[in-house]
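Participant: The primary structure of each chain is shown beneath.
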Amino acid sequence: MQNSGLSEFINLSLYSVLLLAIFLLSALALLTVFTFLNKRDEDFGWMAAISLGLGPALMGWFFTMLLWLLPKQEPYVYIWTIVIICVVISLLRPRYIFLKVKEVIYAHFTKFDVWQTKTIVLVAIFILVLILLGYVLIGLFLPIFGNDPSEYAQAARLIAQERDISIYPFVDSSKFGGFYSPLTHPLGYINLMTFGYMLQGSTDSAGIIKMINPYFVIASVIAIWSFAARKIALAGPIAALILISTPLYFEVSAKAHIDTMRIYTYMVAFFALYYHIKKPNFVTAIIVGLAVGMAHFTHSIGILTLPILIPIYLIVSGLSLKRTFLYLGTIIIIGLALIAPRWSINLATFGSIVADQVKVWSIPEVYFDEYLAAVRQLTTPLDKVFYGILKGFSYPEQFGLSYYIFALVVFWLVIKTRVHKNIKLIWQKKLFIKPDVVVFSLWVLAGYYGIVSLSAVLGMDLIIKNARYLLTVQPFIAIVVACILAELFISSLPRQSEKILPEQNIGRTKNDS
Amino acid sequence: MTARNPAEINSNKFLFFKSGKVMDFIKSNFLLSALLLFLAFSAFYPLVRTIVYFNYFKVTAQTLFDSEEMKILSSLWPRYLLIDRINNEIAKDATIMVFRMADFAFYGERNYISYVDDKIADHVLQKTPEATWSYLREKGITHVYLPSYPLPSLYNSQLEKVLASPQLSELLYEYNGYRLFLLREEKVPVDLEKIAGEDFIANPLSINNWNLEPGQVRANVQNGGLKITGSNSLITKIDGGKLAYQGGTFFRGALYKNEFDYNFKYNKIYTFDATLIGNGYFEVFLERQNLVLGKVRSIIQPVWSGVLNDNQRTISAQFLYSLGQQNYPPLNEAETAYRLVFKLKNGEYVDIKDWSISEVLNTRETPFQVSRSQELRFESAGWNIGFEDQTFHFATEDLPLRYGLLESSSKTVFINAFDSRNIYLSSPPFYVPFVENNNGMILNEKLVPNNMLDTSARPIINILLSAKGNGAVSYNVEIACQGYEKPININNNTPIILSSEYEEIKTSLLSPCEPKYVRLKLILYADKFTIDNNGQGPANFIMQDLSINM
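In order, the protein sequence lines correspond to chains X and Z. Here the numbering used here is used: the first residue of the first sequence is -8, the next is one more, and so on. Here the numbering used here is used: the first residue of the second sequence is 23, the next is one more, and so on.
Since the hints were made in silico from the structure, they are not lab data. Accuracy of the hints is not assured; some may be wrong.
[Unchecked claim] Distance condition first, Cα-Cα at most 20 Å in a straight line; then the derived SDA-like pairs of lysine to any residue:
id	chain 1	residue 1	chain 2	residue 2
1	X	K350	Z	L58
2	X	K166	Z	E131
3	Z	K141	X	S165
4	X	K109	Z	V44
5	X	K109	Z	K161
6	X	K102	X	K350
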């Protein structure tokens, strides 16, 4: 066992910077493409916000396709191909993008023009930076630990060594020293790790692959801040803080779990959907399709994205049948096209798209289901509700107080909008057609929990057994809480400026005519 | 003249709190203060956990830039301690059946096969322990690696009995429930010594020797057995911040040492068996309680855990009484009390008909085969001699064939040889020239006790060397104890001045613990220095004692 020392650490840091630079380059390239396709200035902000993470995710997809089509090449072939493509695209309009980014950021921060909101934003930024620093330090200084992250890291290591994705999933343990990993997960996260190994030129240690999660945490902060700020500017930093300080979110992100990227891609798919619904057009539908594809491509649970998205789209878009067919069809086709190769392989290998069972667990004498139910407290129907579906409430050590505060603010919202007196009005205008950020988030939550409840009723414990799966919608919990808290706070201030006036009524945003 | 708009006044206030006016500020800006508090509170968990994780890996200013491997294998997690030990001490051609694959795949250096691998899935279908043992041996499996948590394919199959049977398997290492078993090549006879006393056997009087967690369980002796019943309420306590119901703890033994307690022997293997019927998540563990600095410290060692499902069954396990990992001084046996703890969670009852604990006596009938190869490792037995710009001459022709010699580009030389009982360190004298003004060289070695040896007593470390030359020598003995992070260092502070005649340096130390390794560092200050063994013959590493004779 050799101690690598300071020089190795400096090496690691430089490669980490390189990896992050390539991620940023891919984000810039994607944003450049978006701006060519969608020339509306008012869309630049949200496209920039989601490009930060969607860019690297799509880069990972492209890298996977390269590995599939051109296996066994030297690492520099893949790396340079990706870098050159990203550079060429990014050079098309860098000045425009730089100026627009500056403009958007400036415009956003000028909204905080009273000392109270400035104070909150500054304190929130300070705390965000502290927490993000913690993520980065863990990524830089600590090794990979934890069962699942070690498995992904080992899978990526083997792919990087072989430079061939046909070896995945690892169903024949005799080929790789005993490594048996029959994962149906697509390679979205694993192959970013593979890219990291290739970039650092060594698979001896995890090294820079631990910086993938900190990057996606930062990307999540930007994306959720931008989305929540559509409702009230002040909600942006609060939502970001609630998300990344959720205990379980911190744990999975610090341990290089797949969930950080999984949660990000799922979240961004719905953010993109929101932006598309506000101003539906073909280009924004493509963007949604790409984001949906990445949600599929990151984790098997991404398969739930379309079943939740499609009903929401049909309910809230308010489009004609023809346009619905065109746009939703675009989203579905692109979303499925990006995942089709992996799902085909899963079907051929496992007989299903998603699988979470191994032979030994299915042997009746093993009583595996009873074991799971007992250790995860899911034995009785009441258990499944309280410790399963309502994990957000029954596991405060994992979800903090977020669900409790969410319940309180939603209760306050219901009382405030006098739902019981305005059902018809709300039914027609507020909840269904182009809802605001808060109501849209509530729809996403309803969709996800609808599927969770349905699966529990049908006797499937797959989603409710693992708290990490309920973390999928934590961003939307954070958004609802942040928006309502921010609105409460802003409404308590003396009126200072039109720029910080919140939308007083549910269902209207500042941009609504 | 118009009054100033209060808002304008407020807009000039920006994070400025005059002393003594904080409460006024809070009162007049209640929501702001509440929101700021909320934001500050949100930072608490991530920041604390960041510090905790750095502590888990013992990251300090000195270790900040250590390699990932160093950090993970120095961490407080028992599984990584076990993987490190497997990497160092298990034969390279071993195949280990792992019940927790990923860590092992990433950090381990041995072939392995996962328990979920379809190739060996049928092991759970074997009807007897012997059939299971044969099945696994035929698949080429030599060892089994278990985590500390229950696994149904283990406790609901005959594999549990294989790993509970000292005839079929040997428990080699244990770290807080993470265990490595050797599957024996053949079934061997074993003597078991049942731990004395009816104290562990339920009878109507023995209930008085058992303590019950107040309000959590009910227990009574019935039909020759002991029935524990959990609380019936849905929520009985807040456990770790989680609303939960659980049956509680039922334990044997007093808080501190008393006449009912059995003294477990360190590094001895014990078997545990119980016949019971029950429902719920049931755990058995051994708890050691020790008075340290006036405070009772508790170490939990898992013995068995699993989910019961209303079928009468026997549960069995082997456990090794080890120190596991802890960060306080070794236990003073005289001040240690033991408790056998039964814990029922998320269930209704467990009815224990009978149970027993036995000590496994020595089963070894044949000498162990040394399984290490000639490949030399930094931490294996041997001498690591490092120096710069020097030429090292060593007479190799007199060395026995079992010596290995490696000369690396960094001019580091390893010498490594051992058999089943002895480690040989050097033979003929060797001569090391120094350039002028070179102020020293360190002979630096870690001796790892052969894991086959019975070192139940704390060994005596003998150092005997003869040296002559124009210079001085001092030594440092570093002893790393099993399960402790920090080694203990013993020095002679005053260098011994050498002369042209051989000076004998002799010392004996009682090790404070069973050593994981012993490192002797000789620090030499000389411009000419000769070390030989003074005609004593090769150094011997003898059972019970560690002797370094040069």
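Participant: Indicate, hint by hint, whether the structure satisfies it.
Facilitator: Hints, verified against the model:
1. K350/X - L58/Z: Measuring from Cα to Cα gives roughly 52 Å; hence the hint is violated.
2. K166/X - E131/Z: Holds: K166/X and E131/Z sit about 16 Å apart, inside 20 Å.
3. K141/Z - S165/X: Distance of about 10 Å is within 20 Å: holds.
4. K109/X - V44/Z: Given that 20 Å is the threshold and the Cα spacing comes to 18 Å, the pair holds.
5. K109/X - K161/Z: Judged against 20 Å, a Cα distance of about 68 Å means the pair is violated.
6. K102/X - K350/X: 58 Å, violated
Violation of the numbered hints given earlier is confined to hints 1, 5 and 6; the remaining hints are satisfied by the structure.
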